[in-house]
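Chemist: Sequence:
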Amino acid sequence: MNKEVFFELVELKAKTASVLPFLLGICFSWYHYGSLHLVYVLIYFIAMFIFNMAVDILDNYNDYHHAKEGHDYKEKTNIIGRENLSLPMIRRWIIWMVAISALMGIGLSQIVGWPLLWLGLYCYLIGIFYSSGPKPLSSLPLGEFFSGFTMGFMIMLICVYINTFDSFQWTVSNIGSIFLVSLPNTCLIANLMLANNICDLEEDEMNHRFTLVHYLGKKASIGLFVGLILIAFTSIILSVALGLTPITMLLTLLVLPFIWKQTKLFLKEQVKTKTFICAVRILAVGALAQVVFFAIGLWLK
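With my numbering, the residue at position 145 of the sequence shown is 172, and numbering never jumps.
Just so you know, these hints were derived from the structure itself, not from any lab. All of these numbers come straight from a predicted model, not from anything done at the bench. Check before you lean on any hint, since a few could be wrong.
Label pairs and their calculated CB-CB ranges [to be verified]:
(1) I323 x K30: 46 to 56 Å
(2) Q137 x L63: 35 to 45 Å
(3) P284 x Q196: 18 to 28 Å
(4) S194 x Y149: 19 to 29 Å
(5) K245 x D193: 45 to 55 Å
(6) S113 x S194: 43 to 53 Å
(7) W197 x N111: 41 to 51 Å
(8) N29 x Q196: 26 to 36 Å
Straight line, CA to CA, 25 Å or less: simulated DSS-like cross-link-like pairs of lysine-lysine [unchecked claim]:
(9) K40 x K299
(10) K299 x K328
(11) K162 x K295
(12) K295 x K40
For each residue, glycine too, the CB sits at the ideal point set by N, CA and C.
My request is simple: use the sequences and hints to build the entire structure.
Modeler: Structure, rendered in structure tokens:
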């Protein structure tokens, strides 16, 4: 297997959805608590990244097995069938990646406290059952919520907790503040899956995957896509107004023309090979802008 096939198997291009919320958690930890435990948070990052790759391999593996015969998805679309990858090898990779990342997380929880174990357990359960089991979360009208909440909010929450475990208080105020700051990424990550499901509606229905788009219909789903973008940028303004993020975060609004251009392209046609990339670009640019302008605010503080 060459590196290009491996990168597609682990969906390396989609790692923005986990790396940038992590970096936002770093910024928030320093801005509000003046605390960073770099060794511990690096261990968390490595474990998170390995598990994220395992989840994406598992998604491809389960999609390959769940695909119905009679059309080209299994042989021509799915990376495993298209590249004729060894299924035993894929299974071994999944097992080893999950085991290594879990052991790292368990070891880290013994240092920073058991709340990490419970937060991590939730993320592992969502990651595994996202595409596994008789009713995977990704095939239900729940996928957008769980992907956005888990990767947008939980990754950031865990990062903040690890950096501040010796002073962090589990209050509604603290958790609510982290949630509001994470809300833009939560919405944009949910939109990534929503866009994918809009593009794949017919194929998903053939494979008995009845996602949120199946129940809402394409028109309402496209409206939700736009609505989540509006919520994302509104919450950035609200976070600054409440003093949760530095005023430089308002500079994130400078990317709105680019975001609107990509949104219009997606509204024009919803074709996986042509316009799904628009949702990827919206997430990448929107999330990166937040991290950059938050970091600038830290530097100016």
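Chemist: Hint says 19 to 29 Å; check whether the CB-CB distance for S194 and Y149 agrees.
Modeler: holds (23 Å)
Chemist: Falls inside 35 to 45 Å, the C-beta gap from Q137 to L63?
Modeler: violated (20 Å)
Chemist: Measuring from beta carbon to beta carbon, are W197 and N111 in 41 to 51 Å?
Modeler: holds (49 Å)
Chemist: Taking the CB of P284 and the CB of Q196, does the distance hold inside 18 to 28 Å?
Modeler: violated (40 Å)
Chemist: Given the hint that K40 pairs with K299, does the C-alpha gap stay at or below 25 Å?
Modeler: Answer holds: K40 to K299 is near 15 Å, not above 25 Å.
Chemist: Kindly confirm whether 43 to 53 Å is satisfied by the beta carbon distance between S113 and S194.
Modeler: holds (48 Å)
Chemist: Just to be sure I understand the hint, the distance between the Cβ atoms of K245 and D193 should be within 45 to 55 Å; is that true here?
Modeler: holds (50 Å)
Chemist: For the pair I323 and K30, does the Cβ-Cβ distance stay inside 46 to 56 Å?
Modeler: violated (34 Å)
Chemist: Using the C-beta atoms of N29 and Q196, is the stated range 26 to 36 Å upheld?
Modeler: The hinted range 26 to 36 Å is violated for N29 and Q196, with Cβ atoms some 49 Å apart.
Chemist: Given the hint that K162 pairs with K295, test it: the Cα-Cα distance must not exceed 25 Å.
Modeler: Distance of about 32 Å is beyond 25 Å: violated.
Chemist: For a C-alpha distance cap of 25 Å, please report whether K295 and K40 respect it.
Modeler: holds (24 Å)
Chemist: Taking only the CA atoms, is the gap from K299 to K328 under or equal to 25 Å?
Modeler: It is violated: about 43 Å lies between the C-alpha atoms, which goes past 25 Å.
Comparing the model with each earlier hint shows violations of hints 1, 2, 3, 8, 10, 11; every other hint is respected.
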